[in-house]
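Generate the whole structure from the sequences, applying the supplied hints.
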Amino acid sequence: MAITLVEMLDYAGVATFAASGALMAAERRQDVVTFVFFAAITGVGGGTLRDLLIGAPVFWVTNPGYAIVCASVGVAIFASRGRGLPKRALLWLDAAGLCVYAVVGAAKAQAWGINPVIAVVMGVLTATFGGVIRDVLAGEPSVLLRRELYVTPAIASASIFVLLAALHAPVVWASGAGVALGFAVRAGAIAAGWRLPVFTPKK
Amino acid sequence: MAITLVEMLDYAGVATFAASGALMAAERRQDVVTFVFFAAITGVGGGTLRDLLIGAPVFWVTNPGYAIVCASVGVAIFASRGRGLPKRALLWLDAAGLCVYAVVGAAKAQAWGINPVIAVVMGVLTATFGGVIRDVLAGEPSVLLRRELYVTPAIASASIFVLLAALHAPVVWASGAGVALGFAVRAGAIAAGWRLPVFTPKK
Amino acid sequence: MAITLVEMLDYAGVATFAASGALMAAERRQDVVTFVFFAAITGVGGGTLRDLLIGAPVFWVTNPGYAIVCASVGVAIFASRGRGLPKRALLWLDAAGLCVYAVVGAAKAQAWGINPVIAVVMGVLTATFGGVIRDVLAGEPSVLLRRELYVTPAIASASIFVLLAALHAPVVWASGAGVALGFAVRAGAIAAGWRLPVFTPKK
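Chains as they are written, first to last, in the working numbering: chain A, 1 to 203; chain B, 1001 to 1203; chain C, 2001 to 2203.
Worth flagging that the hints you see were computed from the coordinates, not collected in a lab.
Relax, there's no trap hidden among the hints.
Estimated spans, in silico, between C-beta atoms of each pair:
# : chain 1 : residue 1 : chain 2 : residue 2 : range
1 : B       : 1063      : A       : 200       : 47 to 57 Å
2 : A       : 29        : C       : 2169      : 58 to 68 Å
3 : B       : 1007      : A       : 62        : 18 to 28 Å
4 : B       : 1008      : A       : 62        : 23 to 33 Å
5 : C       : 2029      : A       : 192       : 15 to 25 Å
6 : B       : 1113      : C       : 2201      : 41 to 51 Å
7 : A       : 75        : B       : 1056      : 23 to 33 Å
8 : B       : 1029      : C       : 2188      : 18 to 28 Å
Keeping only pairs whose Cα atoms sit at most 20 Å apart, straight-line, the calculated DMTMM-like set for lysine to aspartate or glutamate is:
#  : chain 1 : residue 1 : chain 2 : residue 2
9  : A       : 202       : C       : 2031
10 : C       : 2202      : B       : 1031
11 : B       : 1202      : A       : 27
12 : A       : 202       : C       : 2027
13 : B       : 1202      : A       : 31
Because the structure is a prediction, the values reported are computed rather than measured.
Where is the CB? At the ideal position from N, CA and C, for every residue including glycine.
Encoded structure:
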C-alpha cells in the first residue's frame, strides 16, 4: 500500500512537471521533439538527481513507463494546440508537482536509509531541480532568483512528511499533510504574493 | 570486433565533440586552458551522463586516454590559430559527433542490459548533452531551442541502430546505417533548412 | 592524521565556497532560503560531481554535517547584513576554496584508486564546479569565460599535490604546497591581472 501510494504520487509528479516543461516549449513555439525533450527533462530531472545522490538505480532507466508518460504528455500538449491551457497553468502545475515531488523525494530517500535531515534535502532537490534544469536550458532566469516562495514550499512539504513519518503517522496522512501544507504556502506565494524578507545590507 | 568498433566510434565521437567545444572557445578568444576545458566537457559530457544514469563506471575515469584526446584536440586547435577551420566547421563536426554518439550511447546502454526504449533515450542523451552543457556554460541559447532538427537526428540514429540490432544485423551495419541516417537528417537541417512543424496555438 | 587533515580541508573548502554562494545571493538581494540554497549548491557542488564520477558515496549524503555547515554559513551571512563583507570578499573566498578543493578533490580520488592524471582532473572539477553551477544558476557569465586564471590555479594545486604525493612527501606538506602554489597563481590573477595568451586567429 505504502509503495503503491508512493508510485502513484511519483507518476503524478512526473506528469505534472512534464506538463510544465512542455508548456515552456509551447511558449517558445517549438516542435514536437522539443516538447517531448523538455517534458522529459523537467519531468524526471529532480528525481534523477535524487537517485544519483542516494546511490539508487535511476527510477526511469529500469522502468520505461516514465519516459512513455513524459513523451505522451509532450505530444498531447503539442497536439492540443493550447486548448484548455490558460497562461497561468504553467505556474499551478509547477506548484502541484513541486509539493508532490518534495514528499515523494523525501519518502524514497528514507526508504533507502538516508537520515531525516538529508531526506528533507532530497525532497527539496527532487522537487526543485526539474524546474531549475528547465529554466537553465530555456535560458530563463532561474525560478530560484524570482524572490517568490518556491524552495520554501518544498521544504515545508518534505519536513512535514519526514516529521509525521518519524511520529509513525500512516504514510497516506503524512503524504497528504506534507503536500497540502507546501501547496498552501506556494498558493499564497502565487495568489497573494507571500514573500520572505530579503537581504538588506547595512548602510 | 564489436567491442573494438564501439571503442573506435567512441574515440571518434569524443574527438569530434571536443573539437566543437574547442571551437566555441575559439569564438570567444579564450586561453588554452579554457580550450581544453571546453573540449573535455563537450567531448565527454554526454557519455558521462549516460554512464551515471545506467550505473556504469564513467568511461573516461578509469581510462585516461579520453582526457588526453580531449586535451590534445584543445591544444591543437588553439595552436592552429584557426587555419583550416572554416566558420561552419563547428556545425558539421557537431553533426558528426551527434550521430556517432547516438549509436555509441545506445550500444553501450544495450551492452549494460538496458531495455530498447531507454537505450534509444541513452543514445539521444549521449549525443546531445555534451553540446547542451557546452551551450549552457558558454551562455549561448541552447541548441535545443534553435528550431532546427538537432535532437531528431539523434533519435533517428539511435532508433535505427537499436532496431537493426534487434533484428540481429551485424553491429557494423547497424552502426553504419544509424550514423548515416541520422547524419542525412542533420545535413538536411543544416544545408536545406529541414524542420518539423512548430507549435501554433489555436486562436 | 592524513584522513583528519583531508576532512578538515574538506569542511574548510565547503565553508568557503558556501560563503561565496551566499554572497552571490546577497548581491541579488535574495531571501534567507535562497542564501542557504546557493550556499549549499556552491559549497558541495564540485565535491558532489567528483563523488558521482569516481563512484564514491556522495560525501554529504551520509554525513549531515556538511549540509548543516552550508545552512549555517548561509544564515549567518544573511543575518550579518553585509557587515565585514567588503565587495572583494567574494573573489578571495572563491580563490581560497578553489585551491583547497583542488587538493581535497585530488586526494580523495587517489584514495579511491583513481590514476594520477584523472586524480588531477578530479581535483580541478571539485574546485571549479561549485562556482560554475553557482554562475549558471545565477545567470552570470561563467567564470570560465572571464579570461582570468581560474581553472589554471586549480590545475596547479592538484598537480603539485599529486606529484609530491607520488614522491612520498608527507600529506600535510603536499597539501600545503599545492594550496599555496595554486593560491599564489590565483592571487596574481586577481591582484596583478596575470593572464595566459588568448587565441588569436591568423589573418
